[in-house]
Every structure is written in structure tokens, then in C-alpha cells.
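Trainee: My request is simple: use the sequences and hints to build the entire structure.
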Amino acid sequence: MRNGDSTTIDVSESSAIAKGKAPLIAVTKQETGGWKRGVAIFDFILRLGAIVAALAAASTMGTSGETLPFFTQFFQFQANYDDLPTFQFFVIAMAIVSGYLVLSLPFSIVSIVRPHAAAPRLLLLILDTVALTLNTSAGAAAASIVYLAHKGNPNTNWLAICQQFGGFCQKISGAVVASFVSVVVFIFLILLSALAIRQA
1 MRNGDSTTID VSESSAIAKG KAPLIAVTKQ ETGGWKRGVA IFDFILRLGA
51 IVAALAAAST MGTSGETLPF FTQFFQFQAN YDDLPTFQFF VIAMAIVSGY
101 LVLSLPFSIV SIVRPHAAAP RLLLLILDTV ALTLNTSAGA AAASIVYLAH
151 KGNPNTNWLA ICQQFGGFCQ KISGAVVASF VSVVVFIFLI LLSALAIRQA
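Going by full-length UniProt numbering, the sequence shown opens with residue 1, and the numbers climb by one from there.
No lab work stands behind these hints: they were computed from the structure.
It is possible that some hints are incorrect.
[Said to hold, decoys possible] Each computed EDC-like pair below joins lysine to aspartate or glutamate, with the alpha-carbon atoms no more than 16 Å apart:
(1) K171 <-> D82
(2) K171 <-> E66
(3) K171 <-> D83
Mentor: See the structure below:
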């Protein structure tokens, strides 16, 4: 009788322990899913901010141009973004980055709906790294020309033109700043994706 009772008690204890463990595992999964969903929502918001910054950079540079007013219509000094191949590359690169960010929004939404799915997050991580490289190269190249426009370079007879073309220089400087804002956002996006994949 005692052996039978002890057997019955052991079975009930093991079943109680098993029943006690199941809710703990379910709670842990729910907490993990909630955390990942929050990261995905923050990722979506950052992408919207990056779209605004990249579009602002491309449109500001693409519309930059100034003509000095104190010359006749037959003899004028003009400064336009398309006078320099570096600025043309900047506009094209930032337009590509903007287009990519718009196309990446559905994948970000999938990460919100299915926070445990690793494939969309991995794809975004890879493509964000490529876009970051393009964005950084365009911003750095344009920044070097903007610096020369402000400071000049006497050794190469590159004159500082910003004293004459103040409006043009303000627009190209603003475009470069906007491009580096999107660079910072991309860095955060990559870190978030890497963190979410690691916790998968």
C-alpha cells in the first residue's frame, strides 16, 4: 500500500511540475515576441525617417543652382549641381537609396506581423548594409566638394566659390547633412536587425 501510495504521489508531483512548466514557457515566448515586435515597429519608424532624409538630400541637391545677378543676360556666372559629376553621382545614389527604403517597408511590416521570422530580417540586414555603403560613399564624395567650395585649395588653384554663390552652397551643404542623417539611421537599422536575428 505504501509503495502504491508513493507511486501515486510521485506521478501527481511530476504531472504538477509538467503543468507548472508549460505556462512559464508560453509566457517567455510571448514576452520575446512582444520585444521583437517592438523592435520591428521601431525599425519601421526609422525607415520612414530615413526615407525623408534621403529624399530631402536628393531633392535639395537636384534643385541646387544659382546665377549671379549683377551680370547681363549674355554674360552670367552660374553654379549648378550638374556642373560637377560628384554631385550628379550624389543625386543618383540618394535616389536609389530612397527607392530601396520605400521598397523595404513591406518587409519591415512583415517583421511586425511575424516577429519570430528570421528570413525578412536577414534580407533587410544584407540590403541595408549595401544601401549604407552607397549612401556613405555618395555623402563623403559630396562632402569633399562642399568643403572645397567653402574653403578652396590654393595649391590646386581651386577657388572658394561660396562667397559669391551663397545660396548654392547652403543647399549643397544641407543636402550633405541630410545624407549623413540617413547614414546614422542606417547604422541603427543594421544594429536592430543584427540584435533581432541574434535573439531569434
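Trainee: Holds or violated: K171 and D82, Cα atoms, limit 16 Å.
Mentor: 14 Å, holds
Trainee: Taking 16 Å as the top limit, are the C-alpha atoms of K171 and D83 close enough?
Mentor: Answer holds: K171 to D83 is near 15 Å, not above 16 Å.
Trainee: Are the Cα positions of K171 and E66 separated by 16 Å at most?
Mentor: Roughly 10 Å between the alpha carbons, so the hint for K171 and E66 holds.
Figure legend: structure checked against the earlier numbered hints; every hint is met.
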